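Chain by chain, the residues run as shown.
Number of protein chains: 4
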Amino acid sequence: MCRWLAYYGDPVPIETFVLRRKHSLIDQSLNSQLGATTTNGDGFGIGWYDELGGLPGTYRSVHPAWNDRNLRELAAHIRSPLFFAHIRASTGTAVQETNAHPFRHGRWLFMHNGVVREFARLRRALLLAVDPELMPQIEGSTDSELMFHLALTFGLEEDAVAALERMAGFVEDVAEEHGVENPLQISVAVADGERIVAARYSSEGRSGSLFFSTDARALKKLYPDIDEIQGLSDEARGVVSEPLGDLVGAWNEVPESSVGIVQAGEDELRPFTPRREGVRTG
Amino acid sequence: MCRWLAYYGDPVPIETFVLRRKHSLIDQSLNSQLGATTTNGDGFGIGWYDELGGLPGTYRSVHPAWNDRNLRELAAHIRSPLFFAHIRASTGTAVQETNAHPFRHGRWLFMHNGVVREFARLRRALLLAVDPELMPQIEGSTDSELMFHLALTFGLEEDAVAALERMAGFVEDVAEEHGVENPLQISVAVADGERIVAARYSSEGRSGSLFFSTDARALKKLYPDIDEIQGLSDEARGVVSEPLGDLVGAWNEVPESSVGIVQAGEDELRPFTPRREGVRTG
Amino acid sequence: MCRWLAYYGDPVPIETFVLRRKHSLIDQSLNSQLGATTTNGDGFGIGWYDELGGLPGTYRSVHPAWNDRNLRELAAHIRSPLFFAHIRASTGTAVQETNAHPFRHGRWLFMHNGVVREFARLRRALLLAVDPELMPQIEGSTDSELMFHLALTFGLEEDAVAALERMAGFVEDVAEEHGVENPLQISVAVADGERIVAARYSSEGRSGSLFFSTDARALKKLYPDIDEIQGLSDEARGVVSEPLGDLVGAWNEVPESSVGIVQAGEDELRPFTPRREGVRTG
Amino acid sequence: MCRWLAYYGDPVPIETFVLRRKHSLIDQSLNSQLGATTTNGDGFGIGWYDELGGLPGTYRSVHPAWNDRNLRELAAHIRSPLFFAHIRASTGTAVQETNAHPFRHGRWLFMHNGVVREFARLRRALLLAVDPELMPQIEGSTDSELMFHLALTFGLEEDAVAALERMAGFVEDVAEEHGVENPLQISVAVADGERIVAARYSSEGRSGSLFFSTDARALKKLYPDIDEIQGLSDEARGVVSEPLGDLVGAWNEVPESSVGIVQAGEDELRPFTPRREGVRTG
Chain A
1 MCRWLAYYGD PVPIETFVLR RKHSLIDQSL NSQLGATTTN GDGFGIGWYD ELGGLPGTYR
61 SVHPAWNDRN LRELAAHIRS PLFFAHIRAS TGTAVQETNA HPFRHGRWLF MHNGVVREFA
121 RLRRALLLAV DPELMPQIEG STDSELMFHL ALTFGLEEDA VAALERMAGF VEDVAEEHGV
181 ENPLQISVAV ADGERIVAAR YSSEGRSGSL FFSTDARALK KLYPDIDEIQ GLSDEARGVV
241 SEPLGDLVGA WNEVPESSVG IVQAGEDELR PFTPRREGVR TG
Chain B
1 MCRWLAYYGD PVPIETFVLR RKHSLIDQSL NSQLGATTTN GDGFGIGWYD ELGGLPGTYR
61 SVHPAWNDRN LRELAAHIRS PLFFAHIRAS TGTAVQETNA HPFRHGRWLF MHNGVVREFA
121 RLRRALLLAV DPELMPQIEG STDSELMFHL ALTFGLEEDA VAALERMAGF VEDVAEEHGV
181 ENPLQISVAV ADGERIVAAR YSSEGRSGSL FFSTDARALK KLYPDIDEIQ GLSDEARGVV
241 SEPLGDLVGA WNEVPESSVG IVQAGEDELR PFTPRREGVR TG
Chain C
1 MCRWLAYYGD PVPIETFVLR RKHSLIDQSL NSQLGATTTN GDGFGIGWYD ELGGLPGTYR
61 SVHPAWNDRN LRELAAHIRS PLFFAHIRAS TGTAVQETNA HPFRHGRWLF MHNGVVREFA
121 RLRRALLLAV DPELMPQIEG STDSELMFHL ALTFGLEEDA VAALERMAGF VEDVAEEHGV
181 ENPLQISVAV ADGERIVAAR YSSEGRSGSL FFSTDARALK KLYPDIDEIQ GLSDEARGVV
241 SEPLGDLVGA WNEVPESSVG IVQAGEDELR PFTPRREGVR TG
Chain D
1 MCRWLAYYGD PVPIETFVLR RKHSLIDQSL NSQLGATTTN GDGFGIGWYD ELGGLPGTYR
61 SVHPAWNDRN LRELAAHIRS PLFFAHIRAS TGTAVQETNA HPFRHGRWLF MHNGVVREFA
121 RLRRALLLAV DPELMPQIEG STDSELMFHL ALTFGLEEDA VAALERMAGF VEDVAEEHGV
181 ENPLQISVAV ADGERIVAAR YSSEGRSGSL FFSTDARALK KLYPDIDEIQ GLSDEARGVV
241 SEPLGDLVGA WNEVPESSVG IVQAGEDELR PFTPRREGVR TG
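Protein chains in written order, with the numbering used here: chain A, 1 to 282; chain B, 1 to 282; chain C, 1 to 282; chain D, 1 to 282.
Calculated directly from the structure, the hints in this document are not laboratory data.
Among these hints, one or two may not hold up.
The list cannot tell twin chains apart, which means a pair is met if one copy fits it or any two copies do.
Claimed, not checked - The calculated lysine to any residue pairs, modelled on SDA-like cross-linking and capped at a C-alpha distance of 25 angstroms, are: (1) Lys22 / Glu256; (2) Lys22 / Gly92; (3) Lys220 / Asp159; (4) Lys22 / Pro243; (5) Lys221 / Arg275; (6) Lys22 / Ala89; (7) Lys22 / Thr39; (8) Lys22 / Thr91; (9) Lys221 / His105; (10) Lys22 / Glu158; (11) Lys220 / Arg206.
None of the values given here were measured: they were computed from a predicted structure.
Input sequences plus hints: build the corresponding full structure.
Structural data, given as structure tokens:
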């Protein structure tokens, strides 16, 4: 399984939550090797929005994140008010930059932890449903990139939550046609520079986890020695596939089948309900 | 444009024709930079059959061939009676191992120099025609890998020439449907360990070049100082997308729209005629 | 031979002069393949100072620059008032990130085009002269990285020009001891965030070239369609190992054995005279 | 810490003990993540002697071994009667091919697991002691490569055991001069195509482990389903830094401060005693 983090708030260097300190995404990933989980050594990626606006940038690599010197440089020098970071554990798919998250389309970034079961069997039918105008952008071989392009096909840029629900419902429809049970288990995040939409869902009700930081005060307690974090305003929030650190109360677990929206003003938390429209794929 | 070489004959180290000497594939590629052609610096690959038989091996890399130390090692140590070597010049497609030639399916290797015009527009329809059982094997984003899987779909393993002709005809059919003129310009080679089938074709009659070595005597004249080549029997033959060296008479240019078969006993040279069956792709 | 570019002036995205357009460093490098020069495909690097100050960042890669997608992303998103860009053509030394320019020490960046003749023979004696405190930083195997650490040993951080002259003189002393004639041929640049110091020198008086842009008006004429360049103030200047574009009058060639300093206020141009102190290396 | 394996005996494909099965070097490395040890994800290498003799070949990569497709190909196709395999866990040194094991000089291969304590401080003095003729071959920045070149300087090609003992003694001498206690902790192997010499030593008597397979019968019990191993003669032996599999009696632990020689005829096991000659390094 992969791991990811999304940040929204005061502009900070990407390294702030991603590396070089205890309880960072990459530190956590290495420690998790001591537990029962996989090594996330099959590439990584970051995606960020500049303070000045404009399209997001990405840096994706096939190297393990923990020893990638370029990542350290960039994470120290790039400041951003909204960024994604993702570390990958491949389950057989090629380790190549085009399979690394986040994926991008125009202003949108997408990243994912989870799986489409029996993807090799379902891939063709799913690919067929992608808008032919979008298909040339698909360069890798992951289920994640394909889910992103399905969501784009289903209107992600107009209504992100509805498009993700249509995507999930469509995958379930196609899986049913092919006799694949419980096809989806996803923790997914998208952003457009203004907001982060993050959903947790699985067909069988046992999805990967998803957490929102409670508020900036909790983050400050978690990293008492880091000036940049101590200076954060109350707007600063993190969304993670697994909690960073073990501070009780720092993270709210998002319930099964939910989608959260982090944005200026009030955040939102709603049920996530795949829209199954019985799409026929011929 | 890419460049490639196929060898059939007495087992020799792969380096014999591929690198480390004047008139080798890679030397030639670097020299060609002084001419009007592209730098072939976007990855390379070799594929070879062992002397003992069995499935072929491949080594594919995203580095420029000229400074890849692992290639030098392997090419010096791997002996083979039938091998492919390919150096790539990307025209925009991602530089990743899964886009490097040769491609493999079971006993078969495939490599290619050329282009499917407006591939981005045609890709979806071509992909749809691939046998759903084969589709999960497609990991990259090149026209070449897709052509290989179309040829496999059309029976490459039973009748290689017919399958390549059906593949070419199918691409032309799909291109016509989409209003793409003169879609194909290819120099393609496949092998199964027993024989090499190499075809040259373009929709407009101006394909990339293709050459067969005239006989081992010509190769020996081209490389007078190389013991391994001087010891070759008359069975040894090379097929190349561009001639190595400038020795007059060493290479026979294959005519437009032709396919040659290099094998034990008599070689064959036949017309290559795309089989256009007016396939409808919905 | 390598190629490099240094920029000083109004903050611009690094891509402005480095890629994606005619007359950029990388475009030029590819075009130069049509000429008589080498392909610069053996890695590249950028180094930049942030607008906010602080230590410079670097991004160094072993891939050819022309197809490196991460470079495109970073060059589009990183804005800087002073940056270096370097593309490498190895002459046998390993293609690895630690051999890519620019090199960094504290606030200082260093890059280089040229050669120390018979470096393999001289390396040991040169390495011995490096300050033992600095030696652990040497991670690669190039003459360039070693020259940088010699210059640091000789006081680069206090007086950059004098330290470069001492470094050049010391290399000539060591070469003489070893019977190596005309050991140096260099076009070298260093920066500390406030100024660029660039020198051209060769032992035999035939060094690689070095050019300063005449003034921002010349740059504006060279790139009439690029808003970011049209908006530059008169402070903006470039230093390059070979001129970008072929606009007459846009570039001043620095004379043999000269060193230029680009900084706020008046630039300087002075003779560059190796300081030969007859150092004994035992 | 790294991990390594050396094989001597009937020619087998390198994959036999290196990957693709339970109790292989790479499988073991991934499983060890569940234990208390490090992830060996910072590159790997293989080195092998051909059945026909000649210089050994090497393949070294910066990718994690577990997902490197080229490694799988080569390990399946290269047969060898004597090979090394090494997987690396960097402790800060750059992840680059020139830092990957095994290292080679002429007919000799060298690989290592362990550490020279405070290497950054000792490196200069150690480097100075390397034969100036050999120094140009040092391309990376590891203690391991430097130890190899010291051993070569001290006569490895004439008397391998004595040279390794001199190397160890010299490192201890230099460390003492610099006030570094207990500098060495090594499990090291060298080979010349005829024999493997493997030593275990640490200055404080707590070195990394080293094991020899007891005999081919034990290997056969460990891999009951693998024809290639079942067909091995009694000559086949393995040397490993950690045992593969958990079969009691399959591996003999080499005692502290010992060196073993695997060769045709009788193997040898002797004390390993650093030769401290009080070398002065100025």
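Verification of the supplied hints:
1. For a Cα distance limit of 25 angstroms, the shortest separation of Lys22 from Glu256 qualifies neither inside one copy, at 28 angstroms, nor across copies, at 36 angstroms.
2. In this homomeric assembly, Lys22 and Gly92 come within 25 angstroms of each other (Cα to Cα) only across copies, at 17 angstroms, whereas the closest approach inside a single copy is 30 angstroms.
3. Proximity of Lys220 to Asp159 under the C-alpha cut-off of 25 angstroms is found in neither arrangement, the shortest distances being 33 angstroms within a copy and 43 angstroms between copies.
4. For a Cα distance limit of 25 angstroms, the shortest separation of Lys22 from Pro243 inside one copy, 13 angstroms, qualifies, whereas the shortest one across copies, 33 angstroms, does not.
5. In this assembly of identical chains, the alpha carbons of Lys221 and Arg275 never lie at most 25 angstroms apart, being 40 angstroms within a copy and 55 angstroms across copies at closest.
6. In this homomeric assembly, Lys22 and Ala89 come within 25 angstroms of each other (Cα to Cα) both inside a single copy, at 21 angstroms, and across copies, at 20 angstroms.
7. In the homo-oligomer, the alpha carbons of Lys22 and Thr39 lie at most 25 angstroms apart both inside one protomer (17 angstroms) and across protomers (18 angstroms), since each shortest distance falls under that limit.
8. Proximity of Lys22 and Thr91 under a CA criterion of 25 angstroms is satisfied inter-copy only: 18 angstroms between copies versus 27 angstroms inside one chain copy.
9. Proximity of Lys221 to His105 under the C-alpha cut-off of 25 angstroms is found in neither arrangement, the shortest distances being 36 angstroms within a copy and 35 angstroms between copies.
10. For the identical chains of this complex, Lys22 and Glu158 are neighbours neither inside a copy (39 angstroms) nor across copies (37 angstroms), given an alpha-carbon limit of 25 angstroms.
11. With identical chains, the CA atoms of Lys220 and Arg206 are never at most 25 angstroms apart, being 31 angstroms at best within one copy and 43 angstroms at best between copies.
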